Amino acid sequence: MLSGRRLDLAHPSPMDVEIEDIAHGLARVARWNGQTKGEHAFSVAEHSVIVERICRKLDPSMTAKQGITALLHDAPEYVIG
Numbered sequence: 116m117l118s119g120r121r122l123d124l125a126h127p128s129p130m131d132v133e134i135e136d137i138a139h140g141l142a143r144v145a146r147w148n149g150q151t152k153g154e155h156a157f158s159v160a161e162h163s164v165i166v167e168r169i170c171r172k173l174d175p176s177m178t179a180k181q182g183i184t185a186l187l188h189d190a191p192e193y194v195i196g
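Count the sequence shown with my numbering and you get residues 116 to 196, in order.
By construction, these hints were calculated from the structure, which means they are not laboratory data.
Please read all numbers here as calculations on a predicted model, not as lab measurements.
Ideal placement from N, C-alpha and C gives every residue a C-beta, glycine not left out.
Worth double-checking, as some hints may not be accurate.
[To be verified] With a straight-line Cα cutoff of 25 Å, these simulated DMTMM-like cross-link-like pairs (lysine to aspartate or glutamate) come out:
hint, residue 1, residue 2
1, K180, E161
2, K172, D189
3, K152, D189
4, K180, E133
5, K152, D131
6, K152, E192
7, K180, D131
8, K172, E154
9, K152, E133
10, K180, E192
11, K180, E135
12, K180, D136
[To be verified] The calculated label-pair distances, taken between Cβ atoms and stated as ranges, are:
hint, residue 1, residue 2, range
13, R168, I134, 17 to 27 Å
14, T184, T151, 22 to 32 Å
15, P127, T184, 13 to 23 Å
16, V164, I195, 11 to 21 Å
17, K172, A125, 33 to 43 Å
18, L124, E161, 23 to 33 Å
19, I134, I169, 17 to 27 Å
Whenever a hint applies, use it, and build me the whole structure from the sequences.
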């Protein structure tokens with residue numbers, strides 16, 4: 116991980132997860148293996164932000180926890196791609 120932490124995929128621990136690693140990883144993972152038009156791939160991070168915004172627009176009373184859940188719905192992809 117960028118933070119220097121190691122993540123044992125067989126025995127993961129929440130103590131080994133850094134939000135910065137998630138953000139960095141998702142920003143560099145391309146949706147649909149990069150099969151999109153344009154100069155740049157559409158990243159999982161961009162997708163996650165859009166999902167959170169759509170959820171908030173559909174339900175303005177959405178709680179902070181629900182917002183984080185929407186934002187992090189693809190978080191495991193920071194490690195597994």
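Looking back at the hints listed earlier, which ones does the structure fail to meet? 5, 8, 9
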